[in-house]
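Both chains come to you apart, so use the hints to assemble them.
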Amino acid sequence: MRVYIIVAAVFWCGYVDSRKVRGISSSYKRFYRERKSFLCIDGSRMIPFEQVNDDYCDCEDGSDEPGTSACPHGRFYCTNLGFRPHYIPSSRVNDGICDCCDASDEYNSHTRCQNTCWNLGQRERAYVEGQMRTLDEGLRLKQQLIEEGVLLWREKQAQLRELQQVAEDLQVKLEEHRRKKHEADRLKEQTLKALEAGNSGLIRHQNSSVTSIFHLLDTNKDGSLTVDEIKAKVVLVHDEQRVLSEGEALALLDRGHRMDLSKFQSTLWDVLTRGDTVKIKDTQGAPGSLSSEDPHLKAADKAAEWEATNLKKVEEAYETVNMEISDLQKKLAIDYGTDWEFLFLNGQCYKLKVYEYTYTLCPFNQVTQKSTAGVEVSLG
Amino acid sequence: MAPLLVVGLALCLSGTWAVDKGNFKTCEQSAFCKRQRALKPGESPYRALLETMELTNTRLTLQLINDNNKVRLLLELYRLQGNITRVKINELKPLKPRYEVPDVLIRDLSVLSQDENGVVLSLGVESQRVIISARPFRLDIMEGSDVLMSLNSRGLLAFEHLRMRKDTKRRPLQLISKNEEKVEDGMWEETFKSHTDSKPNGPSAVSLDFSLPGVEHVYGIPEHADTLRLKTTDNGDPYRLYNLDVFQYELYNPMALYGSVPVMVAHSPQRTTGIFWLNAAETWVDISSNTAGKTVFGKMLDYVQGSSETPQTDVRWISESGIIDVFIMLGPTPKDVFSQYASLTGTQSFPPLASLGYHQCRWNYNDQEDVKSVDAGFDEHDIPYDFIWLDIEHTDGKRYFTWDPHKFATPKEMLQGLMDKKRKMVAIVDPHIKVDSNYKIHNEIRSLGFYVKNKDGGDYEGWCWPGSASYPDFTRADMRAWWASMFAYDQYEGTMENLHTWNDMNEPSVFNGPEVTMHKDAMHGSWEHRDIHNLYGLYVQMATAEGLIQRSGGVERPFVLTRAFFAGSQRIGAVWTGDNAAEWDHLKISIPMCLSMGLVGISFCGADIGGFFKSPSTELLVRWYQAGAYQPFYRAHAHLDTPRREPWLFGPENTALIREAVRQRYTFLPYWYQLFYRRDLLVHPVVEEGARGVTAYLPGKDEVWFDVHTFQKHNGAQNLYIPVTMSSIPVFQRGGSIIPRKLRVRRSSTCMEHDPYTLYVALNLQRTADGELYIDDGHTFNYEKKEFIYRKLTFANKVLSSVNLAPDAKFTTDSWIERIIVLGASKPSKVTLKTADGQEKQLEFDFNASMSVLTVRKPGMNAGADWTVTFQ
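Top line first, the protein sequences correspond to chains W and E. In terms of the working numbering, the first sequence has 150 at position 150, counting the first letter as 1, and numbering is strictly consecutive. Numbers given in the working numbering equal positions in the second sequence, counted from 1, plus 1000.
What the hints contain is simulated information worked out from the structure, not anything from laboratory work. Certain hints may be false.
What the hints assert, rightly or not - Dumping the calculated DSSO-like pairs for lysine-lysine here, alpha-carbon to alpha-carbon at most 27 Å:
1) E:Lys1588 x E:Lys1021
2) W:Lys29 x E:Lys1858
3) E:Lys1841 x W:Lys36
4) W:Lys180 x W:Lys298
Chain E extracted, bound-state conformation (with noise of 0.2 Å):
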């Protein structure tokens, strides 16, 4: 699923500048979070009722009573297809509806479990069972006598229900009965920095712990600039989950960023489990571990000693409003977790072939002509790339879906100019619309109503780049259908289909909100802002990809970038870590950033080459553009202040550097395409300054790894030291994989898409090897009509074929099989070509004996085509 497997990742502590951190809230200064950590483990306050249990073929309920305020809760029990549980709790009677999160989840869940005719309770494995515990409530969810989860063993389930507001004046202290919580301060109202929280609805925070016995290392939740392997929380503040636009982002600490996915994946070698909570408030996650703090050497010794405890995290979450809503995937494996999770809320979108080429951004290519010499820049130094990119001041005064008459007056004849090149171009559309009544976009949504309110039922305003700005409310569908079609060609004038869409500041940013971002007692219909906020981003993107999509009649797959996510943007487009830093340490987290993402769902991720602030040097550009060749989004961004810097702008050498990294990555596109699936290649990016060498982690006690650029065999299971230069990306490609590639670079993408395909055999030590090859169009969803080609590709007992995986799909390509190069291959006598019609054919070869490689020259079979090659 994560498409790098990067290993020995360098752990270094530092934070060179910084964010203005009082700009943002600590747990302390959040008035929900101050709260409910203050509550401790313990015992439960929660009893579950047993007599109300109902069992039905898809779902049990019970209720659940806080025997001090004798608030009753509903708990409901699903079991989904694919060992999947989830657990939902609500106030059995809310004073008013809570919020349960729309359009995350792919389908209607209890439909999929309808079909399901097992117990309940017996969780469709066999061996599986939940076990609740009536008082206090806990649930645990065994597998034969092992605990693979349990819920509210800590006792910290806290469910705030929603209250009536009282008028503290008229109601003296003594009277508070014993069944009423005491009014703490920031439950009706709360003030940070300037801004005030009206609260209307007071309190409704809701609270629960998991434990999971047996794991040490517990993964995901994303965003945060910090490494894979989640840290314990204990000592600092938790992991938090709250949308924002953070200025200069600190690193290796838990303050939310960008983007939010409440999910963890929680991995020991036994097992492998996720947790899904379903909640787009703000959200503060807790880690805590029996382990933490034990050296290895500790460990080791419970381990000889055979005494002690097992090792085991407990995690909590806390969101400020919404209800509980817990998908808890069993696993038992990665790949399974990975799949139970794209259930609920899908794959990757399958991106267009061109967008996981090279693409040059700049905050801001200046106008037309600048696009044109950068255009021309590209091929007089033969460098591929397919998209430019265009940042804020295209637009006709920050007004968006408008081009600058001056800079950018004919921006057709330079889409044109593009297209002509087969390239292609991103134009950024913000949700923040700029307040003029002289501006079509402002006046419709004014006129259709469609802006987020403020508490007192007015237009939202705040600032933002246009100055003053309203946010449409994208969590309506009406608004969202609306902006899709301001996308159509005669609506966004001057765009063509080679124009896509980049959606920043989707948090929303809101430079004089609290945090940066939109007032909590905003409105967003009945609900508040404060309900939905980790959702906005996600819609800002849907919406937009949903217009891409529209203006093309259905037929082009959209690419849309986004900065601000949420579970499931995986399903719309593309991500990207926001406003990093031109310094090696922002190039070194890049790495488990995009991993983090890509363990959630999201792995169309990438960082921006070279750092957004500050100017890189020449060293760490090159090195960057190394990196990021083989992440998965690359562009190469910059703000507005710092020097130019398109690769030929540092001596000759290196943009030769730079011109080889972005070669190899156009070279993999191939295997890019069809990525989403495979874990054929081992990337260990050069990310320290002045480095002779890196220590990459081969896996596998029985697996052989190829160099890439020198076919040399290392085995798996150690540490290799790799001398390295600066031209060095240490690349491996696994034994028992076969990776098409198209050696042919050509200026873009597109010009490469009748090019014939190399085929990289590596062979396993049961000289085996195994691979796919996926071609369609690249650009249409016409692969879901079946026009597609997809063949199976397997090397055993010396002979190579390719076999048809879809044999009712069709699509007819130019490509063909232009060579093979066989890795750990033994000397044939001949080499035998057999195709479909039964011809054969002898092959030329040639045999390089000292690193076993073997190169078949000119097969030239079709690459659509049944074929089998014989090495005798």
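Bound conformation, chain W alone (with noise of 0.2 Å):
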């Protein structure tokens, strides 16, 4: 029991000057400035001033035990000098727990607690000051990335302006070329159209014929056909490899070593008309065919054809600029952040090795599962 008093007096002076702010923000001070007597904080009740950390609740908000235990829901400052101030449960003091990185929540227990404030300051200032370098680096980063985003975007929009440019030449280009294509179609239709209205007036085009076949072949063009003329372009209809011997020639000329246009329309024009002996070496269809062999029905179909080709190949020009700009537009489109800092993620793509998986993240773009065995799932 003495013991016990003794303990108790001695602890009782280094605690007499240190109790009454024990446990309270300076905030908090106004309350228990040194009176007669204490209002509890709630105004619940008055008691006397010695009374106030005395470890007895009276106050039934506990504010009469800043400091002590002595109250279920009161609860203790640390003030913690060189780190962060805080409150915890009054139930945490001399509890036999530091809490308080000061220590002053454990004045009167079995355990020693050490002042770790300071360190733990220290500490706390070399991780903000790490945070802090992290984050500037962050930023430095951050901005060049803009930077680089806000470039490569107006590249790309420039990209796409000239796109558009090309496309819109294209389009008239394209315009123009249907045009010509359309002319080219009915110019052709017009001359077959001809064509087969020649059929009904024969004279004038059998006549055009004849002029025709008359100065294909005269070769040499002094307006008649010789035997050397005869047998360089006509050959036997049976025998077409066989150059005809002279006499043969001679016969066509009607035994005559000349044979001027007059002659040939009553003769050989008959002849050859026919188709069944003799035709001209030249040309391809037997003289029954002579439609397709007409010169200006043959220069319509070129001229048709030529423009077809010409405007297939505008449309496929315009059609992959057209999906090229729809390509730009589609990735101009994705919100790469308020600057463009995320643009530069685009196109790029990352692999993450997880157990047996293998994970690839294109952002904008994809993300796939790979298994070590190979079988690959897209993620989306």
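Now the structure itself:
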């Protein structure tokens, strides 16, 4: 018992000065000014001032014991000089566990607590500084990425504009080619129609044919056909490879060595037109299919084909450009952050290996999971 | 003895979901039970051979003969100290020894009775006699002209003697002589589902009936998920005692569960007696009553007409093997029966104070990080707790005594973190050992030959959590000693003194065994598993607790939780009610289940708060925390598949309700610590969904009870309706009692060690009260070396005093008395404290006239000192 009293007395000496402020934050000090009596902060009760922090709970709100564990719902203020101040529940005062880094909560316990606030503060400051550095570095990187992003963005925009210009030009070209093709088609149609119409006005048609065939055969263009000219241009229907003999050619020239147009029309033309013995070597079809051989038609056909090929080329070019435009537009429509800071991610891919799986993340594009067995699954 | 008095328990017969009953045997499917139960009451074939009677100063022996088969039995009758009679019946000349249960009784009882010079037949107490009737044999225990208990009065004594196995092929049926019992199905082999029991020893069952005149109510024989009062079994199966791992057990039926205590308490207003049937084999208990089925009105009519028979309960015990060894505890009061039983099997082990605090468990806390964050959660939400638990997933592949190398890579770091907060941990160690040649524990047990053997002599193997597993033979003392040595800090790596142990699955659970347990023909040395089954779990916990004691050099009290148990398990540690479910009925049943265990000595009992299977509604969880706060073992637990349910996950309002319940628990810790002797609190937890009020019966005609929250006074012998809200936990303190509490609830019980006490003095109608104050270091065996404070607190004649009850004990405490609250007080003019040195001091006080509550401010004396406080 005596030991107990001595301990209590010794304790009291070291205690009397500090107890009034123990466990109170400076903003609460005004409630604890040394007076005769103390009013519980909730106003519920008035007690003698000696009963503040006397290790017995008098106030319902626990305000008379800010520095002890006496009140069930009280709180204790750790000043923690050098670190951050904070409140702990009263039940952690003198419970043998160091809660405040300034050791102020264990002033009467079996546990010796070290004041670790300075160290903690140091560590915290170092930590915060580290954080700041990281943050600065991050911001710098971000700024860089933003700049890059903006440049890239502009570049892409210019590219888009260019493409759009090309597309416009192509559009014009396309129109023109369409028109040209249309015209060529029409001409071809007309020629064909005219040819068909020519079958009914045979004479003129024949005339022109007779003349043209005559000119065809008249290789030296002297106005008369010779044996050599006949041999060069006319073959037997049944033996195309063999060159006619002198006698055969002479026979076709009606036994004369020369034949003028009027003689040709009345003799050889008939033979050629019949087409059962001889034919002109160069012409492909028999004289019966004279329409396909018509040079006007041939020209018209060739022109139409040309125009169609040209149109197709332009159409293809136009399509390609448009696809490029829409691709570019799609890419540009994605949200790359307010300052395009994420734009650089587009087109990049990142890989992560987790156990037997390899994950590939291509931002703004796709994510896949590939197992070591080689099975690849798209994750969206 | 029973820590809680709970009355007015509503019974509700329902089974919303159920166990697969087909996995477990009915009596009909258990050959010996079917055989024995077929025997109907009638004339017993047994006859006492009075000429063989021998009487020494310690016992009486007598032979019995079965007139049908001429097999002789030896009956031994002992008179034990404290009004206990022991009746032992064995074969006179058994073919081979029959199993007698060791290690359950706390000492050699025959030595005890050698001091007794009385004549056995007079039973020590003047008026008590045992009457032995010879033809047919029966025993009657009389007091005056009243029969207290009769044995074999219904002729159901049956003792299947051991016999040679006959080759049935060579033996034509007609040659069976008259003296031989006929061979029935299941005598020499028995098949249940796909499992065959080879039964090499043939039939060996024992059975005996007890009649209890004047008794209408019997209790005990846990563990069953049933009402406190046992029901009659005439129209169904008997109560079964066979330790089993029952998946999703069903309520309100007599099926066997994880543990067995073959003790029944019979109670009538006049007398309380008890029967302790010491047999560890599968056991069935039939109960019938001549008043069963009669209505209260019918009983009253009998009484008014003065007619009819006296009420009587008949019970009958059937065990598969062993001998008949019965302790008849003759009371006469309930307290006498409890101390008689305690004199046989011991009292509840004195737990470390911290284990009475709150336990946070879950299958599973995933890793060290998880443990750390849950621990921090309790601080953040200002909820106290003492233990956090790790289930099977903490191990390296279910190899007990190891840690998962990734999730729990630095267990000591984790334990140190808890120790810094004065908290502790429990890790599970189950008795099934993974068959794995890279596992040290397995290799050692195998090479030492310590495994249970199968019927063919090889190591028994079954299927459990680790896959293929073997089971150490815990019935061997040398195996238990080896097991205990495995808990040494240098063996069980990563452990520290704040790590304690949980033994689960120790029925033993064998997933692919018959009825999810071990084959009965497995061998423990020369004994079959059949003989020892119900003891296995007790031995596991015993060896584990011994390990924890040894690792501390015999200094620290162990804390070990077990699921399987037997008579005597109370000496070792705590028990819980196994894998319950998150349902209101399971909350309700936890009360009678733990009370039933309390009646037979196992006081340190609890149920999984919140329910193990399924997920509780918030209301159920809160109510369970409230009820659990007033049950001895207070642990929340949850199944792996359920969502997390730490107390702060249900919104601030419910966090506050749970915090308050746990805080109440902590304020009462000084009382819990000395509680195993007191009965001053009456708790009626709310166990109904959406309850607006409960009706509690406050007993005692001349008693008063005080609401511990409002201090409202209520008279005894009434049904009190108490309106409740979600925050209500109706708790009453008995007038006439003094309860010490610590109101400065902190992070853990250890943090509260040096805190001051508040004394709650509840006056009775005579304006007196008494109580005790016990203080020690809270965790060592040093109390055995008289290092404690034990004081009597008495209030009489307006003086409250503290008197030393153990002057030869010495212990010092920093704790002091900060407050005295007197309930039912009148206003004094002054209050004076007088300390041992003669100094007097006036004390301040506050009197609440409307509630008659007197609060004395800061008397300040040391809790271990002599003092008086006078109220003038």
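Results for each hint:
Pair hint Lys1588 of chain E plus Lys1021 of chain E holds up; C-alpha atoms about 22 Å apart against a cutoff of 27 Å. Distance hint between Lys29 of chain W and Lys1858 of chain E is fulfilled; the C-alpha atoms sit about 26 Å from each other, no more than 27 Å. With a C-alpha separation of about 23 Å, the suggested pair Lys1841 of chain E and Lys36 of chain W falls inside the 27 Å cut-off, and the hint holds. Our distance criterion of 27 Å between C-alpha atoms is met by Lys180 of chain W and Lys298 of chain W, whose separation comes to about 17 Å.
Checked against the numbered hints given earlier, this structure breaks none of them.
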